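From first to last, the protein sequence lines stand for chains L and W. The numbering of the first sequence is this note's numbering, which starts it at 1 and goes up by one. The numbering of the second sequence is this note's numbering, which starts it at 112 and goes up by one.
Since the hints were made in silico from the structure, they are not lab data. None of these values were measured; they are calculated from a predicted model. No false leads were slipped in.
Restricting the straight-line Cα-Cα distance to at most 30 Å, the calculated cross-link-like pairs of lysine-lysine (DSSO-like) are: (1) L:Lys9 - W:Lys216; (2) L:Lys19 - W:Lys153; (3) L:Lys44 - L:Lys67; (4) L:Lys9 - W:Lys153; (5) W:Lys167 - W:Lys178; (6) L:Lys44 - L:Lys22.
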Amino acid sequence: DTAVSQTPKYLVTQMGNDKSIKCEQNLGHDTMYWYKQDSKKFLKIMFSYNNKELIINETVPNRFSPKSPDKAHLNLHINSLELGDSAVYFCASSLFSYEQYFGPGTRLTVT
Amino acid sequence: QKEVEQNSGPLSVPEGAIASLNCTYSDRGSQSFFWYRQYSGKSPELIMSIYSNGDKEDGRFTAQLNKASQYVSLLIRDSQPSDSATYLCAVVHSGGGADGLTFGKGTHLIIQP
Chain L
1 DTAVSQTPKY
11 LVTQMGNDKS
21 IKCEQNLGHD
31 TMYWYKQDSK
41 KFLKIMFSYN
51 NKELIINETV
61 PNRFSPKSPD
71 KAHLNLHINS
81 LELGDSAVYF
91 CASSLFSYEQ
101 YFGPGTRLTV
111 T
Chain W
112 QKEVEQNSGP
122 LSVPEGAIAS
132 LNCTYSDRGS
142 QSFFWYRQYS
152 GKSPELIMSI
162 YSNGDKEDGR
172 FTAQLNKASQ
182 YVSLLIRDSQ
192 PSDSATYLCA
202 VVHSGGGADG
212 LTFGKGTHLI
222 IQP
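Take the sequences, apply the hints, and build the full model.
Next up, the structure:
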């Protein structure tokens with residue numbers, strides 16, 4: 001019974017394509033997040049979302065958009081993929097803004 | 112701009128010794144502090160959280176927080192080879208709402224058998 005799950009685990013695609021990464025949590029948490037870990041292993045917040053607000057890191061291009069069909073899911077849509085989007089993307093969840101638990105990650109490779 | 116600073120290492124510690132990891136943060140409004148462990152190719156795993164000044168102990172791990180000095184540390188007692196990993200210090204600014212973690216770049220810890 002995985003707490004935070006993501007699909008797919010690996011995603012290889014070409015520049016210009018549109019792709020989505022799915023995230024689900026079964027912890028009953030009310031807040032979900034997307035993080036990007038670049039090739040230098042630096043982990044950076046992209047979005048945080050609960051049922052009241054969406055907080056977007058100002059450095060995230062508007063080609064990236066989170067979509068939440070319900071409290072247990074926060075999907076990440078990426079349009080017009082670029083080489084620089086290659087990274088590992090982690091989903092996380094928390095209750096309020098306390099301890100965050102991470103999913104296994106999705107390694108995105110753009111060719 | 113919120114920043115979290117860590118020595119990138121590598122920090123090499125003999126097995127059985129105490130490993131000491133340090134972190135400083137720039138935003139005085141920060142209220143929640145976390146230590147994550149990340150093995151190569153894996154996701155960050157929460158090992159400690161601390162919210163008030165002082166020490167918090169959990170098994171072989173002790174987190175220390177000094178808000179006046181804007182300093183957080185993690186001590187690992189009786190270090191084991193399995194503790195070899197990258198340790199990430201993370202900070203949340205607000206006390207509520209959907210606020211993400213600001214991470215340091217991590218300290219690579221190596222426990223020598």
